[in-house]
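Student: This is what each chain is made of:
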Amino acid sequence: MKKIIVFQCIVFLLMIGGSAFADVLVITNKAVSEKGLSKEDLKGVFLGKKKKWKDKSKIHFVTLKDPDVHQTFLKAYVKKSEKQYANYWRKMVFTGKGKIPKSFETTEELMEYVANTPGAIGYIDKNTTAVNVKTIDIQ
Amino acid sequence: MKKAIIITVLSIFFSGTVFAEFGEIDIHGFISQGFLQSDDHKYLLADTDDGTFEFNEIGINFATDATDNLRLGMQIMARDLGSVGNDKVDIDWAYADYRYRNWAGLRIGKIKKPYGIYNQSRDVDAARTSILLPSCIYEEKFREAALTVKGASIYGSLPGSIDYQLMYGVMTFPSEGGVEQGIEQMVPTIRIGSIDTEAEFNGEIIWNTPLDGVRIGYAYSEFTFTLNINESYISDPAILAYMQAAAEAAAGVPAGTYAGAFPANWYAAAAETVTKGDNYIVSLEYTYDNFLFAVEYSSSTMEFGGSETDAENYYALASYRFTDLFELGLYYSVHYPDKDDKDGDRYAGTAPKEKAWLKDLALSLRFDINDYWIFKLEGHMMDGLSDVNYSESDDAVDPDPDWYMFAAKLSYSF
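Keeping their order, the protein sequence lines are chains W and A. With our numbering, the residue at position 68 of the first sequence is 68, and numbering never jumps. With our numbering, the residue at position 319 of the second sequence is 319, and numbering never jumps.
It is worth saying that the hints were derived from the structure and are not from the lab. Remember, predicted model here, so these are calculated numbers, not experimental data. Accuracy of the hints is not assured; some may be wrong.
[Claimed, not checked] Derived pair list, reagent style DMTMM-like, types lysine to aspartate or glutamate, alpha-carbon separation capped at 20 Å:
no., chain 1, residue 1, chain 2, residue 2
1, A, K342, A, E139
2, W, K49, A, D65
3, W, K65, A, D324
4, W, K99, A, E24
5, W, K83, A, D371
6, W, K39, A, D289
[Unchecked claim] If you want the footprint, here are the derived chain A segments under chain W, 3+ residues with CB under 8 Å:
no., stretch
7, 57-64
8, 99-108
Every residue, glycine too, gets a C-beta built ideally from N, C-alpha and C.
One chain only, chain A, in its complex shape (with noise of 0.2 Å):
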C-alpha cells in the first residue's frame, strides 16, 4: 500500500505533459476507491459477503513520441480486488510502437491482449457505464490470463474500415494471483506452487461497418501452461468431505461409503498438469449518438487434467447517456463453464447443480461529477453460483443460487 500512495503522490505532481531531453512526455494516470457488498456467498476471491473495500486501482503512464513512427509508452499500475494484487506495484504494460504504414504497425514489449472488444481497455473504469464488465467474457478472478502478453503484435488499420492485431508471445501469472487461487478454488484439493506458461497466439479483426455505430469483432487465442502442483497436506473438513463424496460419486457407491478414507491431514503428492485451451469471441457493438448496445458471444476449450471442457459465455449490454451528469447501464450475462451441462447433472451427490451456471443481471449508474471525477453505483441481481464460493455461506450444504451483489466505486483521472 506504502507503494501505491507514493505513485498517487508522484501522479499528482506530475500530471499532465513535461518536457525532458528527448522530447514531450504525456503523463497520465488514475486512482479509484470501490466497495462490494454481497448479501451471501464470497465472490471475485473478495470478502463481499462481511462488505469490503479490497477493490481499487492506482496506475500511472508515460508516454513519449520518440519519432514521427515510434511511440515508446509504460504504465504502472497497483491494485487490489480481495486475496488478489494486495497493491503490489506492477508493469500494466510498456512497448515500443513503430508505426509504418497506415496498415502495417509493430509493437514489442508486454503488451495488452485483443480479448473481446473491452479487454484491452477493461481497467479504464472512465471508459464505460459498469464498474465490472459482464463476468462470462471479463472475469476478474483470471484477469491475469487474459490481460497482457511478452511478445510482439503487428497491426493496422485495412480499406473497408478492417482493424486487425496478431500477437504472440507469453502469459505471466503473477505467484499468489488470480489465476492461481481461481483454480485453487475450483479444485480445492490441490495447491499450486507455480505457473509456466508457453508462447501463444492472438489475434483479432474488427469491422467498423458501412452501417454508421455499427462494427464487429472476431478474437481467438490459445494457450499452454502448466501447473506445478504442490504436495499438501489437507485438513480442512470441508475439502476432505468433499473428497469423499467425489470419489463415492466416482465409483457409484452409496454416500458414507468411504466414511473415514479421508482423515484429518490427507496427504497429496506434487504433480504437473498440463493445461491447453484456445477460444474465440464474436463481437457486436453498436453506438447512435448517446445510445450503445453491444453483445458478445465466446466459446472456450480447456484440457486440464486429461478431460477436456467445453464453456460457452454470452452477454447483451445497453447504456444510454441522459446528461452530461448521468448516464445508465444495463447487461444480461449467462456463463456456462460446461456447455455439455448446463443443468449441473454432473454435480449430482458432490455439489449444488447451480455450480454448472452464473447469470448475471446488472444495473448501473454512472455520474460524471466533472471531466476528472466519476462515481458510480450498480446492482447485480445473480442466479447460479458457477465461480462463487460458498463454503463460508448462510447454508454452505444447499447454499442460495439466488444472491444479490451491491457495488459502488469512485474514480479520479487525469
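Isolated chain W (complex conformation) (with noise of 0.2 Å):
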C-alpha cells in the first residue's frame, strides 16, 4: 500500500511539473518530421548543440524578444536565465562556435517565420493560436 501511495506521489509531482511546461508552446515548421521532442534534445536545439533534425536537415531555431515568453521558455526547457543565455551565445560567437540566435519582437513574426522556414522551431505563449505551424510535445 505504501509504495502505491509513493508511486501516485511522484506521478502527481511529475504531472505538476508537467503543466508548469504547457505555459509555452513549441512549434515547428510542417515540413518538420518529429511530432514531438525530448527536454534534452529541445534544450540541445536552443543551446546549438543539436543542430539537425532525423531526416538530416538542418535545424533554424528562433527566439521571442517577448521577455515574459522568452524567460517563461528559457526557465522550463533551457534551464537558464536571460543573462546566461545571452552570455552563453556570447561564448559561442567569439569562440566560433556559433551565431546568435534569430530573435524576432512579436509572436506574429516568428510564427511567420516558422511557417515559412524548413526545419524552424520556435515557441509561443500558449494563448496564442498556432497559425500555418505545428505545434509538439515535449516529453
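Dock chain one against chain two, each of which comes alone in its own frame, and use the hints as you go.
Tutor: This is how it looks when you write it as C-alpha cells:
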C-alpha cells in the first residue's frame, strides 16, 4: 500500500512539473517530421548542440524578444536565465562555435518565419493560436 | 597600437551582419580596457606595483554559414598584459567547422583548446563575472600554451547529454610571449631564443547530468616542446646572487662559500631542453536561475631540465545576479607548483618558502550598463609568492607573502 501511495505522489508531482511547462507551446514548420521532442533534445536545439532533425535537415531555431514568454521558455526548457542565455551565446560567437539566435519582436513575426522556413522551430505563449505551424509535444 | 586602433574603427563601421557574394557574414567584436594595481610585487608579467593600464583586448570576428553543414570563421585579436602581447595583431582563431551529424563534427584550423570549462571563452569578458579567471588553472602568463592549437578536432553531442571534443595539433608560442617570459621569470638563469613545439593531444568530455543545472567535465592534455636557450652573459646582481645561493644549497655548504664564483658577466652556454608534460582537469558547475557555483581541480606533471614536478591546483567560485545591472562573484583559488613540497622546504636558503604556493581570494562586482557595455571591479587578497615577481618589491630579500591586488575593467562588445 505504501508503495502505491509513493508511486501516486511521484506521478502527481511529475504531472505538476509537466503542467508548468505548458505555459509555452513549442512550434515547428509543418514539414518537420518529428511529432515530439525530449526535453534533452529541445534544450540541445536552443543551445546549438542539436543541429539536425532525424531526416538530417538543418534545424533553424528562433527566439522571441517578449521577455515574459522568453524567460518562461528558458526557465522551463533551457534551464538558464535570460542573462545566462545571452552570455552563453556570446561565448559561442566569440569562440566561433555559433551565431546569435534570430529573435523576433512579435509572436506573429516568429510564426511567419517558422511557417515559411523548412526546419524551423520556435515557441509561443500558450494562449496564442498557432497559425500555419504545428505544435509538438515535449516529453 | 596603431593596428589595434584600425581594427576598432573598422569594427564600429562593420558591426552586425553584412551580405556578400557568398552569403550572410556575421560580424562581432569587443574592446576592453583594464587597470591593475597591487600594493607590493609585480604580477602577471606587468608592473602592477606601479599601477598599470597595460591590460586590454580588442577583437573582431567574421563568420558565415557557407552551406547548411559548413561554417567558416575567424577572429583577429590584439591584446596587452604587461610585457606580453603589446597589442600585436594576431589571428586568435580561424577554422572551418563541418557538422556531419549531431554526434560528429570536424573542425580544421586554429582552434580553441578545451582545458577546463572556461578556457575556450577566457577572452570573452562578457561571459563571466570576474575580470581574471582563477589563476591556479587559468594562468594568464601561460595563456598561449592553453589557448589554441593548430590542427583538427572532432566533436559532437552524444545521447545522454554528453558533449565531447578530441583535438590533435601543435601549440604556437610567439617570440617574447608569456610562456618565454614566464619560464625566464621562474628560471632567471636562462634566456630563451625560441620554443619548438610538437603535436599534442587534447580531449574533453562534459556530461550535462539529469540534475537540472549540473554539468561535470573532464579534460586531458599532453604537450612536448623544446626550449632553445641562448648563450648569454648574466650581469644582474640579483640573478648572480640567486645562482650562488642555489649552488651553495645544492652542495650543502654554508652561505657565502662560493662568494666570487659567479662574477658579473657570468657566461651561460646555449642549450636545448625538452619539456614534456600532461595534465587533467575535473570540473563541476551548477547553475540555478541567477546563481552559479563551480569547482575545478587539476593535476599536472612537467619534466623540465631532467627533473619532474607535479603541480596541483583547485578553486571554487560562486556568483549571483541580483538585478539586470549588478552581479557579484567570489572565488578562492589555490596553486601548488609542486604538490610534494607544499611547505616550500626545497627553497630553504635560496628563496622564500612562500614560493611554494599562491592562494587567491577574489571578490568581483559586475555592472551590465546595457547590452553592450560592462564595467567590473575586483579585489584580490593574496597569500603566497608562486609566479610572483618580488625582485623589485619593498623587501626583495624577505618579501611579504600577504599582498593585495585591485583590478578594474570596462568592456564593449557587439
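Student: Take the hints in turn and mark each one as holding or not.
Tutor: Hints, verified against the model:
Distance check on the hinted pair: K342(A) and E139(A) sit about 19 Å apart at the alpha-carbon level, within 20 Å; holds. For a cut-off of 20 Å, the pair hint linking K49(W) to D65(A) stands: about 16 Å separates their Cα positions. A hinted pair counts as satisfied when its Cα atoms are at most 20 Å apart, and K65(W) with D324(A) qualifies at roughly 16 Å. A threshold of 20 Å between alpha carbons decides the hint, and for K99(W) with E24(A) the separation of about 11 Å falls inside it, so the pair holds.
Between the alpha carbons of K83(W) and D371(A) the distance comes to roughly 10 Å, so the proposed pair stays at or under 20 Å and holds. Straight-line distance between C-alpha atoms of K39(W) and D289(A) comes to about 18 Å, which keeps the hinted pair within the 20 Å bound. Remark: the stretch 57-64 of chain A is confirmed as covered by chain W, as 3 of its residues place a Cβ nearer than 8 Å to a Cβ of that chain, reaching the required three. Residues of the stretch 99-108 of chain A lying with their CB closer than 8 Å to a CB of chain W number 3, which satisfies the three-residue condition for coverage.
Comparing the model with each numbered hint stated earlier shows that all of them hold.
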